[in-house]
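Enquirer: So you can see what is in the structure, the chains are spelled out below.
2 protein chains.
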Amino acid sequence: MALGEFDLIQRYFVRPAPRAVVGVGDDCAVLALAPGMQLAVSTDMLVEGRHFLSTVAPQHLGHKALAVNLSDLAACGAKPLAYTLALSLPRAEAAFLSGFAEGLHALADAHGIELVGGDTTAGPLNICITVMGEVPAGQALLRSGARAGDALWVSHPPGGGIGDARLALEVFRGACALPGEGFARVRQAMECPQPRVALGQALRGVASAAIDLSDGLMGDLGHVLRRSGPTGAPLGAVIRFDDLPRSAVLADQPADLQAQCLLAGGDDYELLFTAPADHQAQVLAAAQAAGVAVRRIGQLRADPGILVLDGQGQAMPTPWAGFDHFKAA
Amino acid sequence: MALGEFDLIQRYFVRPAPRAVVGVGDDCAVLALAPGMQLAVSTDMLVEGRHFLSTVAPQHLGHKALAVNLSDLAACGAKPLAYTLALSLPRAEAAFLSGFAEGLHALADAHGIELVGGDTTAGPLNICITVMGEVPAGQALLRSGARAGDALWVSHPPGGGIGDARLALEVFRGACALPGEGFARVRQAMECPQPRVALGQALRGVASAAIDLSDGLMGDLGHVLRRSGPTGAPLGAVIRFDDLPRSAVLADQPADLQAQCLLAGGDDYELLFTAPADHQAQVLAAAQAAGVAVRRIGQLRADPGILVLDGQGQAMPTPWAGFDHFKAA
Chain E
0 MALGEFDLIQ
10 RYFVRPAPRA
20 VVGVGDDCAV
30 LALAPGMQLA
40 VSTDMLVEGR
50 HFLSTVAPQH
60 LGHKALAVNL
70 SDLAACGAKP
80 LAYTLALSLP
90 RAEAAFLSGF
100 AEGLHALADA
110 HGIELVGGDT
120 TAGPLNICIT
130 VMGEVPAGQA
140 LLRSGARAGD
150 ALWVSHPPGG
160 GIGDARLALE
170 VFRGACALPG
180 EGFARVRQAM
190 ECPQPRVALG
200 QALRGVASAA
210 IDLSDGLMGD
220 LGHVLRRSGP
230 TGAPLGAVIR
240 FDDLPRSAVL
250 ADQPADLQAQ
260 CLLAGGDDYE
270 LLFTAPADHQ
280 AQVLAAAQAA
290 GVAVRRIGQL
300 RADPGILVLD
310 GQGQAMPTPW
320 AGFDHFKAA
Chain A
0 MALGEFDLIQ
10 RYFVRPAPRA
20 VVGVGDDCAV
30 LALAPGMQLA
40 VSTDMLVEGR
50 HFLSTVAPQH
60 LGHKALAVNL
70 SDLAACGAKP
80 LAYTLALSLP
90 RAEAAFLSGF
100 AEGLHALADA
110 HGIELVGGDT
120 TAGPLNICIT
130 VMGEVPAGQA
140 LLRSGARAGD
150 ALWVSHPPGG
160 GIGDARLALE
170 VFRGACALPG
180 EGFARVRQAM
190 ECPQPRVALG
200 QALRGVASAA
210 IDLSDGLMGD
220 LGHVLRRSGP
230 TGAPLGAVIR
240 FDDLPRSAVL
250 ADQPADLQAQ
260 CLLAGGDDYE
270 LLFTAPADHQ
280 AQVLAAAQAA
290 GVAVRRIGQL
300 RADPGILVLD
310 GQGQAMPTPW
320 AGFDHFKAA
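Line order of the protein sequences matches chains E and A. Just so you know, numbering that gives the first Met the number 0 puts 256 at position 257 of the first sequence, and the rest follows in order with no gaps. Just so you know, numbering that gives the first Met the number 0 puts 80 at position 81 of the second sequence, and the rest follows in order with no gaps.
In isolation and in its complexed conformation, chain E is listed as follows:
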């Protein structure tokens, strides 16, 4: 079915946006922030072959495109308000668009965020979402608030961990094989990440710094360490490898692959955060209030560099850098 641009917007993307002063259909959307709130904003662009595979179901793609953006709001402790969607599509196909919209709207509804504007064009498949949220003035969680001595924490799915999305990618790449059920689980982790929006808000005033895991634990922790240290002198961290939460599927993999997925995986969209060492009870209370599991995995220190210790307390090799879209993975 060939749909025009305006038909397409009308059919799949115009929905009520009752909290917006002006929603979809004007030159701009207009939003009102509650008194005392500041605006948090983030944008992410997803490209086929880079951020998703052509095999992904349209529902999952719609979910993930918004999930990775909500994860940025989570990492700064903001409450989601509204988002815009810009979509470049080779063709206006009803089967793709209805599935994409279904996944997108379901996650948006789960987090109470409204689609308030966008743009559609013909071109290579590209999805660009900008999310807006609100956070009480001065209370945004930043990457720069960590201090030497702070405990390092990570969130994880119930009974699961980080690294599953990378394991799924390795299966798609043909680098390893998994039985059907195991593959279905890690593929779910890759295609349907759950942004930790409630946890981010619960950690305001508790965590000293936070970031979402998109580039891999080592790479994202590096961002926190560089931004939190005094100018020109990044902080360091010690991670206890055995404390990293992992799924049963990942725990069954060879040691090298397991370490790569856990330490350099990427695409997890869990929160990595720091808190003063004596804030353990507050962290656990915040996690419980948000209904999200968290694990203490290490500690920050003044010595730069990231030291990963194995079960015997020995330093492990960590040859991976964070993911860079313009360098080989």
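By construction, these hints were calculated from the structure, which means they are not laboratory data. Given the structure is predicted, the values throughout are model-derived calculations rather than measurements. Accuracy of the hints is not assured; some may be wrong.
Said to hold, decoys possible - Under 7 Å between C-beta atoms, here's a sample of chain E residues computed to sit facing chain A:
id, residue
1, A16
2, V23
3, D26
4, S41
5, V46
6, R49
7, A85
8, T129
To be verified - Pair ranges (Cβ atoms, derived):
id, chain 1, residue 1, chain 2, residue 2, range
9, A, A136, E, R90, 50 to 58 Å
10, E, T54, A, P318, 42 to 50 Å
11, E, A94, A, P253, 38 to 46 Å
12, A, A56, E, A94, 33 to 41 Å
To be verified - Covered, in the sense of this in silico footprint (three residues per stretch, anywhere, with C-beta under 8 Å from a C-beta of chain E), are these stretches of chain A:
id, region
13, 24-32
14, 35-42
15, 177-186
Backbone N, C-alpha and C fix where the C-beta goes; we use that ideal spot for every residue, glycine too.
Following the hints, complete the assembly by docking chain A onto the known chain E.
Expert: Coordinates of chain A only, in the frame set by chain E:
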């Protein structure tokens, strides 16, 4: 020169954002709105071959990518505050990026808007910008405020008019030819549109409705007429063709081409707006305060449809629809 993603961001896109609470480099940017202000937001995606040609200079592309977004803020009467940039690039090339950043930053500085966040990825060239501005609560100019009897106005460059961008496109398409100097002028109109930001703000409380000309006069006026009329009954308009402002270059073209460029051109980024017929003095004062030329080109009426009258008062044929990215142009 091969640059990594983080080097690339650092080198070309990290700039001071003194008004942002948190600028580039964290999961989200954080912005504070002034008391009594609402947030206006819009997003536009530009794709090579659709919104720009491969022949465009990188400086002009940087300018235009932001200009078309600023034009949306102008159309709702908002003051620009901040923007995010998501960029998909086949390669991280210094020559392209430095030129693109130069054009982008120059226009941003001219309008006092700060780059507060973004995303870069490898992929087919795609530029997605989201702009944020502020507008006093309840004062945004909307497409829906026009009434039958209102005068119809359009802004235009000094000594110029609308339709030049379309004329330049027709030259690139080989549909017509122009002497060198004439081509340079209309190409400038296509590649370096000037968003009417000051005019939009000056028209708050004066204009009844506004839209920016991106899809062509007939198409964009149609949006205003459909949204302003009572439900299910769009308004109509009468346009006096001879009153449409046009450049000397366009005025020299054959009648058919001239009409097509003026009525269905697109890519003008001038403001099309309505105001009560007795507000002429206020409109002219607002335009003078903003330093932008405006022309009264017609009137709205209750009868639906757009009637274009020639110099003899005869109805002209108007076979063009608004531009649709998923239909043939």
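Enquirer: Look at each hint and say if it fits the structure.
Expert: These are the hints, each one checked on the structure:
1. A16: Result: violated, 12 Å to nearest chain A Cβ.
2. V23: Not OK, violated: V23 (chain E) not within 7 Å of chain A, min 11 Å.
3. D26: Where the cut-off is 7 Å and the nearest Cβ of chain A is about 4 Å from D26 (chain E), the hint holds.
4. S41: Since the shortest Cβ distance to chain A is 4 Å, the answer is holds.
5. V46: holds, 4 Å
6. R49: For R49 (chain E), the interface hint holds, since the closest Cβ of chain A sits about 6 Å away, which is under 7 Å.
7. A85: holds, 4 Å
8. T129: For T129 (chain E), the interface hint holds, since the closest Cβ of chain A sits about 4 Å away, which is under 7 Å.
9. A:A136 x E:R90: 50 to 58 Å: Given about 41 Å between the Cβ atoms, the range is violated.
10. E:T54 x A:P318: 42 to 50 Å: holds, 44 Å
11. E:A94 x A:P253: 38 to 46 Å: Since A94 (chain E) and P253 (chain A) have Cβ atoms about 45 Å apart, the given range 38 to 46 Å holds.
12. A:A56 x E:A94: 33 to 41 Å: Since A56 (chain A) and A94 (chain E) have Cβ atoms about 40 Å apart, the given range 33 to 41 Å holds.
13. 24-32: holds (count 9)
14. 35-42: holds (count 6)
15. 177-186: violated (count 0)
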